[in-house]
Amino acid sequence: MSFKDVVSPFTAWKNLFRDPVTIRDPLNDRPGAARYRGFHQNDIEKCIGCGTCETICQNGAIDMLPVEGRATKQGDSGLRPRIDYGRCCWCALCVDVCMTGSLSMSNEYKWVESDPDAFRFTPGVDAKHWDHAELGYRRPEGHRLTAEHRLHMGEMAPEERIGSFAEIVDGYDVAQAKLEADRCVACGLCVATCPAHMAIPQYIAAIRDGDYERGVSLLYETNPFSGICGRVCTHKCESACASRHEGDPIAIRWLKRHIMDQVSVEQIRRAVGTAAPSSGRKVAIVGAGPAGLTAAFDLAKRGHAVTVFEALDKPGGMTRFGIPEYRLPYEAIDQDVDIIRSLGVEIRCNTRVGSDVTLDELREKHDAVLIALGLQLGRATRVPGTDHPDVRKAVDLLRQATAGEDFGTPRSAVVIGGGNVAMDIARTLARLQKQQFGAVKVIVTALEDFAHFLADPDEIKEAGEEGIAVFDARGPQQVVVEDGKVTGLRTWKVKAIFDEQGRFAPSYDETDELFHPGSMIVEAIGQMTDTALLGDALTEKLAWTRGRLQVDAGGRSSEPWLWAAGDMVRGPDVISAVADGHRVAASIHTAIMTEQAK
Amino acid sequence: MSYTPDRSQYPAMRPDGTLDIDLTSGKYLKLWQGPQHPGITGNMSVELTVCGDEVVEGKTHVGYLHRGFEKLMERRTFIQVFPIVCRVCVPEPDFNEYCYAAAVEELAGLQVPEQARWIRTLILEMGRVNSYMMYLGGQAGAFGLGVIGQWTTYARDLMLDRFEELTGARIYHMFILPGGVRDGLPDGFAQRMEETLAEIERTMKDVYEVMFCNAVFKTRAVGLGYIDPALLDQYGVTGPNARAAGVAKDVRKDHPYLAYPELDFEPVTGTESDVYARADVRRRDVLVSVDLIRQILAKMPKEGPVMAKLPNVLHWKIPRGETYIRGECSRGEYGYYLVTDGSGYPRRINVRGPSYTHAMALLERMIVNVNISDVAALMVSLHTYPPEIER
Chain Z
17 MSFKDVVSPF
27 TAWKNLFRDP
37 VTIRDPLNDR
47 PGAARYRGFH
57 QNDIEKCIGC
67 GTCETICQNG
77 AIDMLPVEGR
87 ATKQGDSGLR
97 PRIDYGRCCW
107 CALCVDVCMT
117 GSLSMSNEYK
127 WVESDPDAFR
137 FTPGVDAKHW
147 DHAELGYRRP
157 EGHRLTAEHR
167 LHMGEMAPEE
177 RIGSFAEIVD
187 GYDVAQAKLE
197 ADRCVACGLC
207 VATCPAHMAI
217 PQYIAAIRDG
227 DYERGVSLLY
237 ETNPFSGICG
247 RVCTHKCESA
257 CASRHEGDPI
267 AIRWLKRHIM
277 DQVSVEQIRR
287 AVGTAAPSSG
297 RKVAIVGAGP
307 AGLTAAFDLA
317 KRGHAVTVFE
327 ALDKPGGMTR
337 FGIPEYRLPY
347 EAIDQDVDII
357 RSLGVEIRCN
367 TRVGSDVTLD
377 ELREKHDAVL
387 IALGLQLGRA
397 TRVPGTDHPD
407 VRKAVDLLRQ
417 ATAGEDFGTP
427 RSAVVIGGGN
437 VAMDIARTLA
447 RLQKQQFGAV
457 KVIVTALEDF
467 AHFLADPDEI
477 KEAGEEGIAV
487 FDARGPQQVV
497 VEDGKVTGLR
507 TWKVKAIFDE
517 QGRFAPSYDE
527 TDELFHPGSM
537 IVEAIGQMTD
547 TALLGDALTE
557 KLAWTRGRLQ
567 VDAGGRSSEP
577 WLWAAGDMVR
587 GPDVISAVAD
597 GHRVAASIHT
607 AIMTEQAK
Chain D
44 MSYTPDRSQY
54 PAMRPDGTLD
64 IDLTSGKYLK
74 LWQGPQHPGI
84 TGNMSVELTV
94 CGDEVVEGKT
104 HVGYLHRGFE
114 KLMERRTFIQ
124 VFPIVCRVCV
134 PEPDFNEYCY
144 AAAVEELAGL
154 QVPEQARWIR
164 TLILEMGRVN
174 SYMMYLGGQA
184 GAFGLGVIGQ
194 WTTYARDLML
204 DRFEELTGAR
214 IYHMFILPGG
224 VRDGLPDGFA
234 QRMEETLAEI
244 ERTMKDVYEV
254 MFCNAVFKTR
264 AVGLGYIDPA
274 LLDQYGVTGP
284 NARAAGVAKD
294 VRKDHPYLAY
304 PELDFEPVTG
314 TESDVYARAD
324 VRRRDVLVSV
334 DLIRQILAKM
344 PKEGPVMAKL
354 PNVLHWKIPR
364 GETYIRGECS
374 RGEYGYYLVT
384 DGSGYPRRIN
394 VRGPSYTHAM
404 ALLERMIVNV
414 NISDVAALMV
424 SLHTYPPEIE
434 R
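Protein sequences appear in the order of chains Z and D.
If you read the first sequence in the working numbering, its first letter stands for residue 17, the second for the next number, and so on.
If you read the second sequence in the working numbering, its first letter stands for residue 44, the second for the next number, and so on.
Note that these hints are calculated values from the structure, not bench results.
Please note that the accuracy of each hint is not assured.
[As the list claims (entries may be wrong)] Within a straight-line C-alpha distance of at most 27 angstroms, the following computed DSS-like cross-link-like pairs (lysine-lysine) qualify:
hint, chain 1, residue 1, chain 2, residue 2
1, Z, Lys-62, D, Lys-342
2, Z, Lys-457, Z, Lys-501
3, Z, Lys-20, D, Lys-248
4, Z, Lys-30, D, Lys-352
5, D, Lys-352, Z, Lys-20
6, D, Lys-248, Z, Lys-477
[Claimed, not checked] Below, a sample of chain D positions facing chain Z; criterion: calculated Cβ distance under 8 angstroms:
hint, residue
7, Gly-189
8, Tyr-197
9, Glu-207
10, His-298
11, Tyr-300
12, Leu-353
[What the hints assert, rightly or not] Distance windows between CB atoms, simulated:
hint, chain 1, residue 1, chain 2, residue 2, range
13, D, Thr-314, Z, Asn-31, 30 to 40 angstroms
14, D, Pro-348, Z, Asp-189, 49 to 59 angstroms
15, Z, Leu-43, D, Pro-229, 34 to 44 angstroms
16, D, Leu-115, Z, Glu-347, 49 to 59 angstroms
17, Z, Gln-90, D, Leu-115, 47 to 57 angstroms
18, D, Ile-214, Z, Asn-31, 21 to 31 angstroms
These numbers come from a predicted model, not from an experiment.
Ideal Cβ positions, reconstructed from N, Cα and C, are used throughout, including at glycine.
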């Protein structure tokens, strides 16, 4: 203790001469810092209602609710997060995990209100004065709580793959698949988009857990063509994936294939189970494509005796005779079909209904008949010169290529069309040319420009790598024939494909003309159904809508014994055919069990 | 005032160590201090038995602030635990964030980026300064020196401004995520931090002159609440409470973590082990932290990533394992014990806060023979935070 200890405390008085340190009007003079985590903002146009914010919120402060005037659409649930500020702890994990970057926080933190319910609102929908605040917490660049990039899928090099029809992609190994499956946030937007509503988040979870039996059970609940769809599905699910907004979509298709690659036939059989005891009902199905066989699978499981009639020598329909082997190996088709057969489905190949057996006979011997004919006839452009025998249809050539028939591979070819079928035939011809002549000379001309191309981007990229020249926005004008031989195709530049009313009516720039040399012209501009087997009398009786057989929601035609499914009534891909097969099978089952369908 | 070996005028001790107090004799009075006594940081109470104005027995009672955090954590995914942990200790929340994140990182095999390591160190030192500011105000207030609390609250508020601009929040920062930290330093942060540090140093000078060179404070604090150095290990005493007894216990030195091995500092120690010595150790520790913050801002990398690549946190599973992560908080050793079982949830999380040992067993021993008016100051001198005792 010293004299200083007595005097020193009085130095506190010097504060009398200092300015006050308090802020006079903190409510107005003290905005939150630039990173302040204040009340939420949500760009509801950007938000897709995936609900990942709701999932991560450990307080249960977020509810996904419908918003008036906002409909559910592909890739958007139509729901938006409502936040309860009685629960929110301002941790901003919702902002960090937001898949689109729509959610952020303003730097506003002061809000006085007498009604406690006011503190529960939907940001972006219920207008607040901080909706356009420039400051506040935004997810920092590079700060992610999920992985944004897709695992690379290994594939054969172009120079190697062009020499054969071997499958191009490698498929994921277990470690790769786990990492890819880990990226999924299980929002389920994909399920709503998938025509067959496959349990996508659940089977992806099975991959994460390494439980492939569970995975294959989930696949077969909705899709007996998982081996096929795992390779060639048009994967609309991926275009609805929440991960695509700030990164790559989950490789849902490859993950499905991965499950099928990992399981043995015995495991698949276990997952599929056995058919129900015989119902005593019989169903005939015409066409062994995905729609017909899916219906056969469902009906056989329910105990009905199913016979499938197939005109060609092998089952699979377009998956076998339309899709080239380098995209879909035949073993994958065989495996999927064998599982369906194992349920007791009889598939009679080389049996053309209409000639080998009539539709009337089928009708007499069965309780119901389903036609799933697909789209087997190629459409024609009808431009001058297309009546030449060296102007061919893509579907015919693909069928012949699968059957191993020699259709006279041209040294140079021009393909008309910009869809996946055009790419399939172009790449098939390229492989045949490489094998027979050692050089690729294939040109693809499409009406659409690259910005609106119909074929998958991968197809265009890979076709280019394989030496195929793709010309976009070219309209075919004439097949040039000299001395009785096709020498090429003349095209004009496309100005617009549709007219002002949105009807198909291409207009051309006639001054921009090109000549594409080729000794064969292949038309790949679309297909239609061959309904000859129906016969004139039945065709007359049935109801039609713009050339398509008219069916109800369950696929039943105006004749009570006849159902139709697949591409012929509802396209345009394998997974849609599978979905249709399920729908029709359910309708047939209800009908034959509850009424006299005949 | 110190412990008198002559116990003749005090109640006799039973063989089990408890005192034989006959309340019907009229000689003793039961006095309940708390749970909202202003001398107590937070909600805790002491059941005192006094003889005249002298305490003959004190029992500590906790439980007023139990929120069941450890159990709540077992029902949350690893990322969902992150916003909870800071709430375990309100005045110095960052140690919870650091210890939890480091424990998860160790078991999940994550490597934290260099810049994040330094920012974490910075945040922990900023938090230490704030914690001491609250303590100094409380310690002075317990002796009736109200003005000190006003000054240290001002200094703390300046540091909270820095916290706000760095982390986006003032109290619960929620900035140290498993894998790193949320973001780098904002533009001009070092400059504003330097201004804050200068203001804190000026405040500390005032605090020294008015609180530490003060006849009243010295009369009351010197000699009060002596902790025998021999008791330190027996009672699990760490931090400034141990350092004021001359034992240089400091996790930053003993088991270096984060960027501390690259920083130049010496643990502050005292000799007298009384209330005054402990307060003085903490006062000087503020200055060490101010110096450390300057060193960190000068030495830390200014660019590079601040977050490790995380797996998808929504279904993050961590392999079976257990670990204990510790750090030196303003009160002593703070630690998180984490057990994982391969699932997406922690199997067990146990928080080891220094307040538990300091405020309960040690206080019961120290409080005997103390004047009632000194009880509050004695409790504050142990610098305990009830939220962290009870969790």
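* Asked: When you take the CB atoms of Leu-43(Z) and Pro-229(D), is the distance between them in 34 to 44 angstroms?
  -> Given a distance of about 24 angstroms, which is not inside 34 to 44 angstroms, the answer is violated.
* Restraint check, 8 angstroms cut-off on beta carbons, for Gly-189(D) near chain Z -> 10 angstroms, violated
* Asked: Do the beta carbons of Thr-314(D) and Asn-31(Z) sit within 30 to 40 angstroms of each other?
  -> 33 angstroms, holds
* **47 to 57 angstroms as the expected CB spacing between Leu-115(D) and Gln-90(Z), which holds or is violated** => Once the Cβ atoms are compared, 39 angstroms apart, the range 47 to 57 angstroms for Leu-115(D) and Gln-90(Z) is violated.
* To do: Please work out if Lys-457(Z) and Lys-501(Z) have their alpha carbons no farther apart than 27 angstroms.
  => Holds, because 17 angstroms separates the two Cα atoms, which is no more than 27 angstroms.
* **CB-CB spacing for Asn-31(Z) and Ile-214(D) relative to the 21 to 31 angstroms hint** => Given a distance of about 26 angstroms, which is inside 21 to 31 angstroms, the answer is holds.
* Grab the minimum C-beta distance from Leu-353(D) to chain Z and call the hint holds if it beats 8 angstroms, violated otherwise. => 6 angstroms, holds
* Between Lys-20(Z) and Lys-248(D), is the straight-line Cα distance small enough, at 27 angstroms or below? -> Holds: Lys-20(Z) and Lys-248(D) sit about 15 angstroms apart, inside 27 angstroms.
* Per the CB criterion, is Glu-207(D) less than 8 angstroms away from chain Z? -> At about 4 angstroms, which falls below the 8 angstroms cut-off, the nearest Cβ of chain Z leaves the hint on Glu-207(D) intact, so it holds.
* Given the hint that Lys-30(Z) pairs with Lys-352(D), test it: the Cα-Cα distance must not exceed 27 angstroms. => 54 angstroms, violated
* To do: Tell me if Tyr-197(D) is really an interface residue toward chain Z, meaning its C-beta lies closer than 8 angstroms to one of theirs.
  => 5 angstroms, holds
* **Satisfaction of the hinted span 49 to 59 angstroms by the C-beta atoms belonging to Leu-115(D) and Glu-347(Z)** => 53 angstroms, holds
Of the numbered hints listed earlier, those contradicted by the structure are 1, 4, 5, 6, 7, 10, 11, 14, 15 and 17.
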